[in-house]
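Quick mapping for you: the protein sequence lines, in order, are chains A and B.
By our numbering, the letter at position 126 of the first sequence is numbered 126, and the numbering carries on one by one without gaps.
By our numbering, the letter at position 195 of the second sequence is numbered 195, and the numbering carries on one by one without gaps.
Think of the hints as simulated: they come from the structure by calculation, not from any bench.
It is possible that part of the hints are untrue.
Stated by the list, open to error - Ranges of calculated distance between the beta carbons of each label pair, as one might list FRET restraints:
1) A:THR76 <-> B:GLU530: 51 to 61 angstroms
2) A:ASP84 <-> B:ALA585: 24 to 34 angstroms
3) B:ASP702 <-> A:ASP84: 42 to 52 angstroms
As the list claims (entries may be wrong) - A partial selection of chain B residues facing chain A, derived with a Cβ cut-off under 7 angstroms:
4) VAL381
5) ASN602
6) GLN608
7) LYS639
8) SER643
As the list claims (entries may be wrong) - In silico DMTMM-like cross-links for lysine to aspartate or glutamate, where the CA-CA straight-line distance does not exceed 25 angstroms:
9) B:LYS787 <-> B:GLU590
10) B:LYS639 <-> A:GLU101
11) B:LYS787 <-> B:GLU800
12) B:LYS639 <-> B:ASP665
13) B:LYS787 <-> B:ASP734
14) B:LYS387 <-> B:ASP339
15) B:LYS639 <-> A:GLU115
16) B:LYS639 <-> A:GLU49
17) B:LYS639 <-> A:GLU36
18) B:LYS787 <-> B:ASP665
19) B:LYS639 <-> A:ASP51
20) B:LYS399 <-> B:GLU450
21) B:LYS787 <-> A:ASP28
22) B:LYS639 <-> A:ASP28
The C-beta atom is built at its ideal place from N, Cα and C for all residues, glycine as well.
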Amino acid sequence: MNAPSPAPSVNSVLLVEDDADLRAAVADILEDEGFEVHVAENGQDALAELDALGHLGLRPCLVLLDLMMPVMDGFTFMERFRADPGLSQVPVVVLSASVKEPPEGACAMLRKPFEIPALLNTVADYCGRA
Amino acid sequence: MSTSLADFLLQQRDAIMEAWEAEVRAIPAAQALPQPALRDGLPRLLEVVAALMRQRPQAGVASGLGAIPDLHALERLGEGFNLRQVVTEYRLLRGCVLRLWAARGGAAPLPEEERILHEAMDEAVAASVSRYTLARERTLQALDRISTAALGSADVAGFLPRLLQVLRETVAAVDVTAVLLREGDWLRVESVVGDGMAPGARVPVGEGFVGTIAATRQPLLVHEASEDARVGEQVLREAGLRALYGVPLVLDGDVLGVAVMGSRATRELSEEDLLLFRAMAARATALLAQAQAHARERAARAEAEASLVRLRESEAGLRRWEEVFTRLGVGVVVVSVEDNVMRDVNPAFARMHGYAPEELRGRPLEDTLAPESRGVLARHVAAAHSKLSHEYESLHVRKDGSRFPAFSHVTTFRDAAGRVVQRVATVLDITQRRAVEMDRQRLLAAVESERARLASVLDQMPAGIFIAEAPSGRLLMASRHVEVLIGRPFDLSLTAEALASEPYRVLHPDGRRYEVGELQLVRSLRHGEEVAGEELLIERPDGQRMTALVSSAPIRDREGTIVAAVATMTDITERRRAQEAALQAARFGERLIAIVSHDLRNPLNAIQLSATQLLHSEALPERERRLVTRLARSGDRMKRMISELLDFTRGRLGGGIPIHRVPGDLRAVVRSGVEELEAAWPERSLRLQVEPGHYEGEWDADRLLQVVSNLGGNALQYSPQGATVTFRLSDAGDAVVLEVHNGGDPIPPDMLPRLFDPFRRGATAGHGGGASSGLGLGLYIVEQVVKGHRGHIEVTSTAEAGTTFRVTLPRAQGTSGA
Numbered sequence: 001m002n003a004p005s006p007a008p009s010v011n012s013v014l015l016v017e018d019d020a021d022l023r024a025a026v027a028d029i030l031e032d033e034g035f036e037v038h039v040a041e042n043g044q045d046a047l048a049e050l051d052a053l054g055h056l057g058l059r060p061c062l063v064l065l066d067l068m069m070p071v072m073d074g075f076t077f078m079e080r081f082r083a084d085p086g087l088s089q090v091p092v093v094v095l096s097a098s099v100k101e102p103p104e105g106a107c108a109m110l111r112k113p114f115e116i117p118a119l120l121n122t123v124a125d126y127c128g129r130a
Numbered sequence: 001m002s003t004s005l006a007d008f009l010l011q012q013r014d015a016i017m018e019a020w021e022a023e024v025r026a027i028p029a030a031q032a033l034p035q036p037a038l039r040d041g042l043p044r045l046l047e048v049v050a051a052l053m054r055q056r057p058q059a060g061v062a063s064g065l066g067a068i069p070d071l072h073a074l075e076r077l078g079e080g081f082n083l084r085q086v087v088t089e090y091r092l093l094r095g096c097v098l099r100l101w102a103a104r105g106g107a108a109p110l111p112e113e114e115r116i117l118h119e120a121m122d123e124a125v126a127a128s129v130s131r132y133t134l135a136r137e138r139t140l141q142a143l144d145r146i147s148t149a150a151l152g153s154a155d156v157a158g159f160l161p162r163l164l165q166v167l168r169e170t171v172a173a174v175d176v177t178a179v180l181l182r183e184g185d186w187l188r189v190e191s192v193v194g195d196g197m198a199p200g201a202r203v204p205v206g207e208g209f210v211g212t213i214a215a216t217r218q219p220l221l222v223h224e225a226s227e228d229a230r231v232g233e234q235v236l237r238e239a240g241l242r243a244l245y246g247v248p249l250v251l252d253g254d255v256l257g258v259a260v261m262g263s264r265a266t267r268e269l270s271e272e273d274l275l276l277f278r279a280m281a282a283r284a285t286a287l288l289a290q291a292q293a294h295a296r297e298r299a300a301r302a303e304a305e306a307s308l309v310r311l312r313e314s315e316a317g318l319r320r321w322e323e324v325f326t327r328l329g330v331g332v333v334v335v336s337v338e339d340n341v342m343r344d345v346n347p348a349f350a351r352m353h354g355y356a357p358e359e360l361r362g363r364p365l366e367d368t369l370a371p372e373s374r375g376v377l378a379r380h381v382a383a384a385h386s387k388l389s390h391e392y393e394s395l396h397v398r399k400d401g402s403r404f405p406a407f408s409h410v411t412t413f414r415d416a417a418g419r420v421v422q423r424v425a426t427v428l429d430i431t432q433r434r435a436v437e438m439d440r441q442r443l444l445a446a447v448e449s450e451r452a453r454l455a456s457v458l459d460q461m462p463a464g465i466f467i468a469e470a471p472s473g474r475l476l477m478a479s480r481h482v483e484v485l486i487g488r489p490f491d492l493s494l495t496a497e498a499l500a501s502e503p504y505r506v507l508h509p510d511g512r513r514y515e516v517g518e519l520q521l522v523r524s525l526r527h528g529e530e531v532a533g534e535e536l537l538i539e540r541p542d543g544q545r546m547t548a549l550v551s552s553a554p555i556r557d558r559e560g561t562i563v564a565a566v567a568t569m570t571d572i573t574e575r576r577r578a579q580e581a582a583l584q585a586a587r588f589g590e591r592l593i594a595i596v597s598h599d600l601r602n603p604l605n606a607i608q609l610s611a612t613q614l615l616h617s618e619a620l621p622e623r624e625r626r627l628v629t630r631l632a633r634s635g636d637r638m639k640r641m642i643s644e645l646l647d648f649t650r651g652r653l654g655g656g657i658p659i660h661r662v663p664g665d666l667r668a669v670v671r672s673g674v675e676e677l678e679a680a681w682p683e684r685s686l687r688l689q690v691e692p693g694h695y696e697g698e699w700d701a702d703r704l705l706q707v708v709s710n711l712g713g714n715a716l717q718y719s720p721q722g723a724t725v726t727f728r729l730s731d732a733g734d735a736v737v738l739e740v741h742n743g744g745d746p747i748p749p750d751m752l753p754r755l756f757d758p759f760r761r762g763a764t765a766g767h768g769g770g771a772s773s774g775l776g777l778g779l780y781i782v783e784q785v786v787k788g789h790r791g792h793i794e795v796t797s798t799a800e801a802g803t804t805f806r807v808t809l810p811r812a813q814g815t816s817g818a
């Protein structure tokens, strides 16, 4: 990421989730609340999306990250993400059914299945209301 | 016819001698003499007388007769005639001449001739008397000297030299005298006086001079010994002898020996010397015989005395034997060979058979044998006769008919020809020995059958069993199952140590081969180690590996010394495989549950989020709102199920549900739980009773909330609609106790032990709503959470008191609930 680190957008969220239905449900809820939701199916997609946003001079205020995903899982994504000084400032909230501890660098974790209030409260903690 | 007496004597000489002989035979000494010896010099005497009648000598007839009367007297002396008989001979001769002259019928003889006849007869008588008397006196003197010599000589060896000495002194012309005694076909020079013969020299009977005398039993006289062919003996020929005379020493027809005398001076020996020699020889013969008889008698006496001594000794021995025979504890019987009759038995033999010894003597040996043993007696007798001794066992019978086993040792006694003359048997009553032997046999049989039973039991066992003995290490047995297990015939000649080498392949579970010292049987045998259930692999000939569980232990004697070791080997291949498979299946199942419940959360989350979002829509008509509410509630139930499944798999896979204890007040947790239940079961009556006390401690609030929720939900679900569910919290010092009670039907007693098992459900169906997911994991999770707090849970359930779950929770991590 050679682009200069843009200022984070207050209502832009990157949702990384391989389950299409859940991805759509979460995106709908957040969009209903006025968030701009970027989606990615796995870690690799997410990195590409972040790169693309970066080129546009955009940076999300929060990454909602599933852990168990094909192609590139959440853990690998976190390693790459943290290695990028431009991105490492962006908070990451892990969405997972796993009992395992969240990967290093994650700010919080929402255990699946989570409910709408929990989702909205968590997102509100890191981003301003749209 | 006219004839002269001289002519008549010459012509009628034989007739005169015949007439004379007929008359003279009346004399006893004359009877055995042959005719020439009897007539001797008398026919010649008649011729000399006739010659004197013709010459008509002036000086008388005495000198004209010469030596004839002298010699005749000596002959008669040697032939045993006495003087009267010699005189009678001449009287009869004169009488015969005159009687036959008168018988021819002629005239009286001429006076001159008749005078000469009478003068000659008288002169012959006178000369005979004179010569006879002189010779007899000399002989008597010699014999007297011989007798004197014989006196005081007890043996032949001492007597003979004296005899010969006397002989040489008596006969002046003799230079050498010797006596040879007969020894079988030889003559041995026994004694010599003078030079010429060597003592001890031997001559065969029948050869040479002395041999001829012994063979012919006649005296022999030679005149020139060195030239005469009859003298074959070298020593005699070279002794320089001229006259040599020998006589046989004959007694009762037996030739005892030969006496010899020789002269170097003269070739003639006088008749008187010869006669004397013969008389001395005769006397010597008698003495010799007597001496020999004495010697024989002495020898016989010595022999008899020796025999007597031997007899005395043997008598003493015999007495000893009799004593032994009598007192011996072993039965002894002497049996005669020809009729098998008992000649003698000792008291022990008789006692053994219930008889007195005299009752058995003379009876057949068979009488002491039981009828069934009699048949083989002949065989034993034959066996005894074929060798020196024979041993056998047989059944004997007593006088009272009772029987007993006996051991017999038979010895045969033989004569010089090797024929068996008698048998002696020693007989031993072996009842005791037989009894002991039978006991031993019984014991052996018992031990053997015990062993066989043990072996068959061991063989029947589904485990392989080895027993090895110490210190040899030799394998005493291996049960049949061993061969099944190892897949090859088992070699019992091996030692325990050999099991570590080919062809056996014993491996550790990791495939490494067993060292000798690692074998369980060897460890028990050598070090007394007790090994319980070690796993090993055995590679069979087909390469297949069998898993076996091996245990072993030493077997010790009373002193504690290891005498053997036993090892059992169980084939657990199948069990291990099944266990492995079950474990795999369980792991797979749990993993499956974990994956599925995890993956279910994404769509579930989508359903919940969407349903909730929809419910937020104010435009939703009432009917649709009810549908979406049901959708959301089912999603919620599904969420709990998944949550429980995850807890369960966590409990199974991860070593228990994770508990994070933080300080807090349990009352708040319980109140919160009860409130949630009231919200979920609005139609039911719930009651919370908190006893005074302290409820601070370290708790995992979320998990304990789950406990309150599950126990409460359970109580509500399994109690009647109108029944109150009571929660009671009490302070128990180090612990806090939570009780959840409900009335209604009790839990069936057979369910109580498995109440906390996973996937169990109560018999009564649930009454809707509430906390239960319906998977039957609620109580399982409760127990896991309580255990995670190091607490415990118990349940009592009766129709009268209802059902109470009682949870004891220690306040801190280090303390445990009392």
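Are the Cα positions of LYS639 of chain B and GLU49 of chain A separated by 25 angstroms at most?
32 angstroms, violated
Restraint check for LYS787 of chain B with GLU590 of chain B, where alpha carbons must lie at most 25 angstroms apart:
21 angstroms, holds
Is the interface hint for GLN608 of chain B satisfied, with its Cβ closer than 7 angstroms to some Cβ of chain A?
5 angstroms, holds
Are the Cα atoms of LYS639 of chain B and GLU115 of chain A separated by 25 angstroms or less?
11 angstroms, holds
C-beta pair ASP84 of chain A, ALA585 of chain B: status relative to the range 24 to 34 angstroms that was hinted
45 angstroms, violated
Hinted pair LYS787 of chain B and ASP28 of chain A, Cα distance within 25 angstroms:
43 angstroms, violated
Can you tell me whether the CB distance of THR76 of chain A to GLU530 of chain B sits inside 51 to 61 angstroms?
55 angstroms, holds
VAL381 of chain B was flagged as interface toward chain A. Is the shortest Cβ-Cβ separation under 7 angstroms?
106 angstroms, violated
Pairwise hint evaluation, GLU101 of chain A against LYS639 of chain B, where the allowed Cα distance is 25 angstroms at most
21 angstroms, holds
Can we keep the LYS639 of chain B interface hint, with Cβ of chain A closer than 7 angstroms?
5 angstroms, holds
Between LYS399 of chain B and GLU450 of chain B, does the CA-CA distance stay at or below 25 angstroms?
The given pair, whose Cα atoms are some 42 angstroms apart, is violated under the 25 angstroms limit.
Between LYS639 of chain B and GLU36 of chain A, does the CA-CA distance stay at or below 25 angstroms?
Distance of about 29 angstroms is beyond 25 angstroms: violated.
Hints 2, 3, 4, 8, 11, 12, 16, 17, 19, 20, 21 from the list above are not met by this structure, while the remaining hints are.
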